[in-house]
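Just need the whole structure built from these sequences, with the hints factored in.
Residue numbers (my numbering), protein chains in the order written: chain P, 3 to 325; chain U, 3 to 325.
The hints are simulated quantities; they were obtained by calculation from the structure and are not laboratory data. A couple of the hints might just be wrong.
No copy labels: a pair is met if it fits in one copy or bridges any two.
[What the hints assert, rightly or not] Lysine to any residue pairs mimicking SDA-like chemistry, simulated, CA-CA at most 25 Å apart:
hint, residue 1, residue 2
1, 255, 311
2, 181, 194
3, 108, 325
4, 134, 324
5, 134, 60
6, 134, 106
7, 305, 11
8, 305, 8
9, 279, 214
There are 2 protein chains.
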Amino acid sequence: MKDFQDEDALVGEIAGHFLPSGGRKIRLGIGDDAALWEPKRGFVTVLTSDWFLEGSHFLREQHPPDSVGWKCLARAASDIAAMGGTPRCFLLNMVLPAAGIGKWLKGFLGGLRRAANSLDCLLAGGDTTRGKRISISVTVIGEIREGREVLRSGARAGDALYVSGRLGEAERGLQLLRKTGGMANRKNAALRKHLYPEPRVELGRWLAERNLATAMMDVSDGLSSDLGRLCAASGVGALIDADRLPVPRGVQKEAARQLALHGGDDYELLFAISPRKAWQVPPSYRGIPLTQIGKITKGQGIKIIGPGGEDEPLRAAGWDPFR
Amino acid sequence: MKDFQDEDALVGEIAGHFLPSGGRKIRLGIGDDAALWEPKRGFVTVLTSDWFLEGSHFLREQHPPDSVGWKCLARAASDIAAMGGTPRCFLLNMVLPAAGIGKWLKGFLGGLRRAANSLDCLLAGGDTTRGKRISISVTVIGEIREGREVLRSGARAGDALYVSGRLGEAERGLQLLRKTGGMANRKNAALRKHLYPEPRVELGRWLAERNLATAMMDVSDGLSSDLGRLCAASGVGALIDADRLPVPRGVQKEAARQLALHGGDDYELLFAISPRKAWQVPPSYRGIPLTQIGKITKGQGIKIIGPGGEDEPLRAAGWDPFR
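Written out as structure tokens, the structure is:
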């Protein structure tokens, strides 16, 4: 049995979930050919898109539908946070099977609405079509004060290198989910981080507004891969100290280190701070620990100080869909 | 054999196709977490997304890859034209197989670049990931002068109803492609319209800048479906005259009429004009015919004057992925 009569009915169902909060702050939202958007005066627009695909990014049988809804928006919003911007509205693009999807869709839209409310980010439009497997592409539109954007390319040798939160926790949560076939305890912190990550919007904005970070990005594919991208964009290297990594709790030491270095899906912020400003970085911001894990160096390579005290090169081994 | 080593290499290949023209007019394009965008002073931002999926929107074996590249941008840009806006940049989101796709990708990027150049619309970013079948989601960012946007909802009873170009030609082109298994003569006008549609950007902007159209949208799913949406948004009905439809050439009369009423993929503009301004609408604009096909009426229904002169209700029978 079909879950909706046609595309207009599906769009109506989606819009219905968001109407109470939508429409106020976007100039024109769902229902026309395109949406209209204007940032606050003195701000520029920040734009990003992210895929979230059944089979590669989530499993329909194991991931609760409300987590899929939450996460598809949260992870795209994290790219806005990584520039120091604030997410404001989003376009939701979905490929859905025509049948057997009604209950899943309700759960999905519930989680998406929770994320949208939590981020104060409104549904502005999108596109829906039919396909065998669920595909989601979310475009988030945000704003940032003119000139305050923090790029990947601004790190300089000597900068202190920080991360927010704990690294590797989300990957640990995924391990738990796989081990239990989706029946893991939903109160577990690592599992919650895998299912309902919280993009560091306030932290990113604070760092940008205060002009603290010289470079910033979010850690979505794993530190070893993402740090390489930040360094390549800035034309620098980095040295990190394995003992300082904020690793997941409750995991044996070497395994915890591997998770922190290569685990994906954390959506924490990785940022560089000029040495003369490093004293302004508190040990935590609104309850999120900020940890100096190393520093930016001259040259190209990324090295890690291992347990024996000697440097060794760090290989990019985070998540890559094509590797 | 894999066509690219990893995601960064793929992004590099895509960016390489666009570098000569990119980067000048976008504040920040490919390569960071998000793109930065600012419209001209006095303009607001217009946003739209469109799916283009292997199997439902194109066939990898039958559609030339450069047509897929051209069309995925052109059809999304058409939604910007339908508001009276001008496309400026786009986010390209692609799901690609990891192997056997190198040659296809080159053709695709060539067609995409041609469309981007023709529309003066720059690649600003996007997301790439791996999957069995090719999926494309394009988000186009455009601008429109503050207050000049033309919505679907402004049509009033008595307005004259127009379409640009010919309706049903693209559907006719698809029929030819199917009949010949992809070997149709590429110079055929209907086939070209199916493969390389040209969004009516200049026309839409002209109608908007002159405040001529009370309501506008693009005809992408077929007149019978899209006119219903314009009328629903405006709370009006419409009466159209079958004899005035600009039908495809070289097709028997009744078949041509059915193509014009229900065929999809034309990306022509459908617009309503207040009767006191109808004299300002020329018979063609920059070589594109503008045809009055009927008028907006009170009430809800859409009727068509048939060959015998009597009205009959027109059923929405355009393309719907869920029907």
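Now for the hints, and whether the structure bears them out:
Taking identical chains as interchangeable, the C-alpha atoms of residue 255 and residue 311 lie at most 25 Å apart only when both belong to the same chain, with a minimum of 16 Å there against 84 Å between chains. In this assembly of identical chains, the alpha carbons of residue 181 and residue 194 lie at most 25 Å apart only when taken from the same copy (15 Å versus 53 Å across copies). When the C-alpha separation of residue 108 and residue 325 is checked against a cutoff of 25 Å, the pair qualifies only between copies, where the shortest distance is 21 Å, while the shortest distance within a copy is 34 Å. Within a single copy, residue 134 and residue 324 get their C-alpha atoms as close as 22 Å, and across copies as close as 12 Å, so both meet the 25 Å cut-off.
Within a single copy, residue 134 and residue 60 get their C-alpha atoms as close as 15 Å, and across copies as close as 16 Å, so both meet the 25 Å cut-off. In the homo-oligomer, the alpha carbons of residue 134 and residue 106 lie at most 25 Å apart both inside one protomer (14 Å) and across protomers (23 Å), since each shortest distance falls under that limit. Within a single copy, residue 305 and residue 11 get their C-alpha atoms only as close as 55 Å, which misses the 25 Å cut-off; across copies the closest is 22 Å, which meets it. In this assembly of identical chains, the alpha carbons of residue 305 and residue 8 lie at most 25 Å apart only when taken from different copies (21 Å versus 55 Å within one copy).
In this assembly of identical chains, the alpha carbons of residue 279 and residue 214 lie at most 25 Å apart only when taken from the same copy (7 Å versus 57 Å across copies).
The earlier numbered hints are all upheld by this structure, with none contradicted.
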